[in-house]
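Sequence lines, in order, name chains Y and P.
Using my numbering, the first residue of the first sequence is number 468, and each one after it goes up by one.
Using my numbering, the first residue of the second sequence is number 468, and each one after it goes up by one.
Rather than coming from a laboratory, the hints here were simulated on the basis of the structure.
Virtual Cβ for every residue (Gly too), placed ideally from N, Cα, C.
Be a bit skeptical, because a hint or two may be false.
Unchecked claim - Here chain P is said to cover these stretches of chain Y; the calculated rule only asks that three of the stretch's residues, wherever they fall, bring their Cβ under 8 Å from a Cβ of chain P:
no. : region
1   : 506-514
2   : 562-575
3   : 597-603
4   : 741-749
5   : 812-825
6   : 831-843
Said to hold, decoys possible - Pair ranges (Cβ atoms, derived):
no. : chain 1 : residue 1 : chain 2 : residue 2 : range
7   : P       : LEU715    : Y       : ASN869    : 53 to 61 Å
8   : P       : LYS548    : Y       : VAL878    : 29 to 37 Å
9   : Y       : PRO494    : P       : LYS548    : 38 to 46 Å
10  : P       : LEU513    : Y       : THR806    : 36 to 44 Å
11  : Y       : ALA516    : P       : LYS548    : 27 to 35 Å
There are 2 protein chains.
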Amino acid sequence: MSSTTDLDASDPLAHFREQFVHNLDEPGLIYLDGNSLGRLPKRSALAAANLINDQWGNRLIRSWNEGWFEIPNRVGDLIGKLIGAHAGEVVLADNTSVCLFKGAVAALKAQPGRTEILTDDMNFPSDIQILRSAAECMGPEYTVKIIRTDGISGSLDSVRNHLGDQTALVSLSQVAYKSGWLWDLSDVCKLAKNSGALTLWDLSHSVGAVPIDLTAAEADLAVGCTYKYLNGGPGAPAFIYVSQNNNLFSNPISGWYGTENPFQFDFEAQPAAGAGGFITGTPPILSSALVASGAEITLEAGIEKIRAKSIALTQRFIELVNEHLVSYGFQVASPLDSTNRGSHVSLFHPEAQAVGQALIHEESVIPDFRPPDLLRFGFTPLYTRYADVDDTIERLKRVSENGAISRWRHVNPLIP
Amino acid sequence: MSSTTDLDASDPLAHFREQFVHNLDEPGLIYLDGNSLGRLPKRSALAAANLINDQWGNRLIRSWNEGWFEIPNRVGDLIGKLIGAHAGEVVLADNTSVCLFKGAVAALKAQPGRTEILTDDMNFPSDIQILRSAAECMGPEYTVKIIRTDGISGSLDSVRNHLGDQTALVSLSQVAYKSGWLWDLSDVCKLAKNSGALTLWDLSHSVGAVPIDLTAAEADLAVGCTYKYLNGGPGAPAFIYVSQNNNLFSNPISGWYGTENPFQFDFEAQPAAGAGGFITGTPPILSSALVASGAEITLEAGIEKIRAKSIALTQRFIELVNEHLVSYGFQVASPLDSTNRGSHVSLFHPEAQAVGQALIHEESVIPDFRPPDLLRFGFTPLYTRYADVDDTIERLKRVSENGAISRWRHVNPLIP
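Start from the sequences and build out the full structure, keeping to the hints where you can.
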């Protein structure tokens, strides 16, 4: 195994770490939760000060004419470049769940006579709840079929077996939030299309971490989150992709911002063309505008380089866990083959929550906990060093040996 | 008519003007568009710097445990105090249009057998579009009936005449975005209730400007905007009120953030109690957190004092328009009786758009234009002086006399 000093020295992405804010009071902090909330880009801090003090404070309403109005489309197009979309196929809007609802209802309406949504149990709980809400909105004959998995890996065969002539829509998370399982977009889209079903992807845990080409895959719809690998800021708006090849889709929550000419204030106004028609109301400008910096940095770094480093980091972590931590009760709960893995690795441990608290409070490592017994370690290539991988292993070993786990056994934070 | 010097000197709210940022480069600016985008509270600028640099930049994901998670409920409760709600009846979520969709569908589902939504043509176009989307989500038998008005005033008789045993829901803007017509909440709620209909109010142009008591009025549901009189910032999230007396309502777009225990990641999770169940996905934290400052300032000033000054400002403006501007083609297009008027006044002018541009670019007065022929002047008592009213009249007179209108006749800004 190469030395981390060599790997970090030759890392073509190493200098991107300086694009982000690192707290000087916590120099030893290893932040492995960028898959939940990405770090603050320095240029976002600058942009925010300008947005608030000048654009809001001084220019006031005039700022709508000086760039605000186009933010959902402009930032959407930036993200579009990361996911193989054409200009106009992606906009920022709402949050992932509301976008998913819009996409799912739009898809179901475009598939008269078919009444089933197919998903799996590795999908984010909110996605499953939302798909059920979409089915309920459509009527009592609509159902959501949930493929049961082992919680770690999906299988194309299983998708094939569950597809039928009632399947209107296949909706999956490209990277599973727990195990990090990574679907091959093209394979699933092909299966769905052959069966007459549409596809609606949740790219929350893949965008900015994995190369994505929705056009090549012939995906119909997609949504995703901007505050994970895109570093857009806490709760930053989601994006929605609507393929230009499918003009069957219309926004089921049609509102003024998504019409052709919002400032005519005409309630008979027609929806805007493309993904723009899927915007409903006024977007949160501060939270939306800052998504641009994160997306720009990702484009500058290049998704292929990000992916290569992500594989190297996660692979190294898995190997070291297997070598040093199995005897302490840890087990890798993510796909071992990098072809099928996103940029995070989950570890099973019977006391995962206490281990997580011990890491945070005694060792300055931030992973996250997913009940009942998983710790997730997100490796964000833009600001995670190879040395961080080895240091994390070291610290995991230390909390396993020095009694820290028992010290944190009975602490129940609000957010575990 | 009293002198503005005396009025400003004795104004109990005068010192609140200093709570807001005023651009030193534009000392003569008169900002009369606070009903579209409220000014930046100085404490929001401070809060934003802390939110971004410390909470996001340094504390990272830990901030979810250090206050972020409760923001929608905490800020919702602040707003609740301004609208006569109990704790837990109001949350921040989405934008006004998406909240309205949720409220409308929830109301329709609670009224089996009734298939009609009643609204009027003074309602914001997005509201009418959204009510139609809600009806469409429910099924082909659902309809939206739009009461036709003269565009300036509503009438209770007209509501009474349109209510029937098919009316499931009455949904109106408490203050009409164009004319400023102000409905009496209690009167309309009483009519609706007597007819077996539920009520869903849009408080966007009334919250922070008009005393509101949803509990006393026995309103069922309400939504509203936080970036107008509440000064929450551009596109800041909306709020939704769900009466605790009506537990029939459930969120039709049910997502993880609105469940009882979001961090269990259980897709069978039940909705949270109260308005909390109407949150769907992760809220935009930056845009949400800043709403607190604006709501706090409004509570500190006191809504009764705000309303008294609002009436005085708008009444003075109307009187001066009638005295000095009618001969230049201006006509008041708002209710003359302050009992039925919110905090803005619309003026008709055949060249309203050019007048607006001339005011902005030559006279440093910012109103807004509503096509085809209205200018809106919003009087926000927290930072508008009596002197601003008289100065605006003076400047309107000047652009009418000095040829400015013809200079701006052919300018068509993106946002008119």
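Each hint tested on the structure:
1. 506-514: The restraint on the region 506-514 of chain Y holds, since 4 of its residues have a Cβ under 8 Å from chain P and three suffice.
2. 562-575: With 6 residues closer than 8 Å to chain P, the region 562-575 of chain Y meets the three-residue bar; holds.
3. 597-603: holds (count 4)
4. 741-749: Since 3 is at least three, the answer is holds.
5. 812-825: Result for this restraint: violated, n = 0.
6. 831-843: holds (count 4)
7. P/LEU715 / Y/ASN869: 53 to 61 Å: Cβ of P/LEU715 to Cβ of Y/ASN869: about 55 Å, so the range 53 to 61 Å holds.
8. P/LYS548 / Y/VAL878: 29 to 37 Å: Between P/LYS548 and Y/VAL878, where Cβ atoms are some 34 Å apart, the hint holds.
9. Y/PRO494 / P/LYS548: 38 to 46 Å: 44 Å Cβ-Cβ, so the 38 to 46 Å window holds.
10. P/LEU513 / Y/THR806: 36 to 44 Å: This hint is violated: roughly 49 Å between Cβ atoms.
11. Y/ALA516 / P/LYS548: 27 to 35 Å: Holds: the Cβ-Cβ distance is about 31 Å, inside 27 to 35 Å.
Against the hints set out earlier in the document, violations occur for numbers 5, 10.
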